[in-house]
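**Student:** Required output: the full structure, derived from the provided sequences and hints.
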Amino acid sequence: MAVAAPSVGKRGGFQLSAKGQENVAGFLFILPALIIIVIFIFLPLLSAFLISFTNWNGLQPPAEAQNVGLRNYERIFGLDGTTVVRDEFFVAIKNTFYYTLGVVPTQTALALILAFIVNQQFLRFRGFFRVAFYFPSITSSIVIATIFLWLFNRNGVINGVIGGVASALGLNYTPVTWLNDANGIIHNFLRLFGLTARTAPAWMTETNILGQSIWQWISGPSVTMLAIMLLAIWTTTGTMMLIFLAALQDIPRQLYEAASVDGATRLQQFFLITVPMLRPATFFVLTIGLIGCFQVFDQIYVISQGNPAGTTKTIAWIVFRNLRDSQAGLGAALAFVLFVIIAIFTIFQRRLVGKTVQQ
Amino acid sequence: MKKSLRFLALATALALIAVALAPSAQAAQTVNLVLMGWSSSPSENERLQKIVDDWNAANPDIQVTLNQVPDYDTTLQKALASGEPPDVFYVDSFRFLDLVRADALMPIGDRLTDIDDFYPALRNAFTANGQFYCPPKDFSTLALQINTEMFEAAGLSAPTTWEEMRAAAEKLTKDGVFGVVVPADFARWIAFLYGAGGSVTDDEFTKMTINSPEAEAALKFYTDLYLDGFAKTPADLGVGWPGEAFGKGLVAMAFEGNWVEPYLKDQFPDLKYKAVELPAGPAGKATMAFTVCYGVPKKAKNPDAAIKFVDYLTGAEGMKAWTDLGLAMPTRASLRKGWLEKFPNLEPYLNGAEYARKWQFVPGFQAVLDKVNEQLSLVMSGNQTVKGALAEIERVGNEVLASR
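Chain order of the listed sequences is C and E. Following the numbering used here, the numbering of the first sequence begins with 24 at its first residue and continues without gaps. Following the numbering used here, the numbering of the second sequence begins with 55 at its first residue and continues without gaps.
Take these hints with a grain of salt, some might be off.
Ranges of calculated distance between the beta carbons of each label pair, as one might list FRET restraints [to be verified]:
| hint | chain 1 | residue 1 | chain 2 | residue 2 | range |
| --- | --- | --- | --- | --- | --- |
| 1 | E | Gly230 | C | Trp173 | 19 to 25 Å |
| 2 | C | Gln272 | E | Leu281 | 54 to 60 Å |
| 3 | E | Val231 | C | Gly186 | 16 to 22 Å |
| 4 | E | Glu395 | C | Leu66 | 56 to 62 Å |
| 5 | C | Phe158 | E | Val416 | 46 to 52 Å |
| 6 | E | Ala387 | C | Gly186 | 50 to 56 Å |
| 7 | C | Asn78 | E | Gln321 | 41 to 47 Å |
| 8 | C | Ile136 | E | Val231 | 44 to 50 Å |
| 9 | E | Gln321 | C | Gln292 | 56 to 62 Å |
| 10 | E | Asp320 | C | Val298 | 56 to 62 Å |
Hint data in this document are derived by calculation from the structure and do not stem from the laboratory. Heads up, the beta-carbon is just placed ideally off N, CA and C, and yes, glycines get one too.
**Tutor:** Below is the structure:
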């Protein structure tokens, strides 16, 4: 193999210590990947970081943009006294937060249960189920989102099925306009108890925190967002299931055998052996789920474009919108804020779940 | 033998030189241009390709390649930012001021033939800082589409005022059909805003003027149609856009642009309908013009050739060839008569050119448009008052304008 570093050794050739040789070999092996990562990830990241301090409009060559210092970041957090960018940012934070809160736990729990089921020896057609559950994950998200547009259409399959079941039970069902309903689901729930924007106490509707009243903050995801959440859960659960499945098969059988000898029930085995043994996998699933949720974009782009009434605006969506609308500098700054948010949550989660992973 | 060989060698050498020289002499004069645009309907794409082919045949020294790209805005953005823009490209009037501010466009108005022939409203849409930048290639306006079958059955004539429109909507809302389809979309409501005599900002874009009694009347008229049950949104009707709702006979009226015409003919050939001008508001007739021009970049490599080509496309001959398809409307007043003889049913759209307003705002205004759409849907869902919505739009708009 080639050892490149030039130096004159004893015999007129070049000699490295065994350790040095290993180092060089190691670097040579990772070099192709390193070059690709530097060119396609680190350099764009760096340029985006630099752009976030400019007023680049995305139309000129970036070098012609003017430096505006921290102005973009000040606008995002409203430090310069303006509220438009800040308010939109915090609406996006709220929407993304509710989205994540709904999607991550649901898909994780569902994936765990599905993985557990398809891992059972007694299950017939295991291969079929594994493929079927994984299938949504390998299909293009744009294609799936387009199909969901039809499913959730007011005259679509979802309303058809609910309507059919309702009429079979003798109930009356007014079709929900899934894709254009800005009402928050928590608001809808509170309405059952007679609490609406008009009857809510004044401290809720009149306290303005970062551009929204407390009443608006507690809206929950809008009905349209809920439809997008269902779509996301349906798509990603398969991937998560696959990760859990791999981890499940790593759990030694002896543990279960020993447990059953000790008289543990299957339920006890699940919660006392399976779940703890899956901790590393769970941490991984939660982390990639969280990151995926914070970056949700394709589905929004296809289904709602941030509508209705801004209830499906997510952080990634407003990043894109600013890039498109000649405010690339602001968009880049928003992207970095998103990056920091994701980093914080991942570290926090690592503290919470990850401690025992090290064992 | 030797002689003949020498002769052959000489002849071959001469022939080679001739062959080598001929194309190079020509190549030195040939300018290659790229025309970049977005892809529209297949028939439009074909027609444009044919116009370009005809041009290439007639102008061996300027050869044009038509490049119709998907995801146009992003592609153009990349091309401009990399400093290698296409020689000629589409510019939507909505994006025009962004490009002017980025200093990406070359003002070529002075070098075109008979620019006074373009409708003033359309020329105005591509004029900034007193300079006419690029010639409008075609345009669309909003009109009212009415289902003639439903109107005749109810004994109604086409509405010409807001009152008549509302009365017709009320009368035609029955048996699962609604009077009119109203999207929560600023690009539609704004025609009513102008019809009521309102405005969005002052002429210099220094402050919002939308919080006015006129705007209030327009917003109230628009949203009341919905709140009183005579209108539905496309989503309520389970369709993708107003044209589909109208084509399927779910509503008796829609207000869309002339792009709805080929769609209706194609998808709903049996539909009985006609287009009329948008009903006049308290301040008279109003509609919106959506238009696109052929831009030449500031950094053009061959500006002269590009301008010559654009002048042909938007000149009387090129524009006639382009608009003869009946999908796009000619932007030259001199072509009006000939065009209407061919497409008399599209007259209401073309008439709009006389009083249409441009769909154009200042860079950074997208946040305000989003706010208007948001407030529109909040008013329509009963979660916001008309006055509250206008105050909120005004607040956000003024801040955006102040921070420009």
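**Student:** Now tell me if each hint is right for this structure.
**Tutor:** Hint-by-hint comparison with the structure:
E:Gly230 and C:Trp173 have their C-beta atoms about 21 Å apart, which keeps the hinted 19 to 25 Å range intact. Checking the proposed 54 to 60 Å range against C:Gln272 and E:Leu281 shows it holds: the Cβ atoms sit about 59 Å from each other. Evaluation of the 16 to 22 Å hint for E:Val231 and C:Gly186 yields a pass: the beta carbon distance comes to about 20 Å. The beta-carbon spacing between E:Glu395 and C:Leu66, approximately 60 Å, falls within the hinted interval of 56 to 62 Å.
With their beta carbons about 48 Å apart, C:Phe158 and E:Val416 fall inside the hinted range of 46 to 52 Å. Checked against the hint of 50 to 56 Å, the C-beta distance between E:Ala387 and C:Gly186 comes to roughly 54 Å, which is consistent with it. Our hint of 41 to 47 Å for C:Asn78 and E:Gln321 holds, since their Cβ atoms are close to 45 Å apart. A hinted range of 44 to 50 Å holds for the C-beta pair C:Ile136 and E:Val231, which are about 47 Å apart.
A beta carbon spacing of about 60 Å between E:Gln321 and C:Gln292 agrees with the range 56 to 62 Å that was offered as a hint. For the hinted restraint 56 to 62 Å between E:Asp320 and C:Val298, the CB-CB distance of approximately 58 Å keeps it satisfied.
In the structure shown, no violation is registered for any of the earlier numbered hints.
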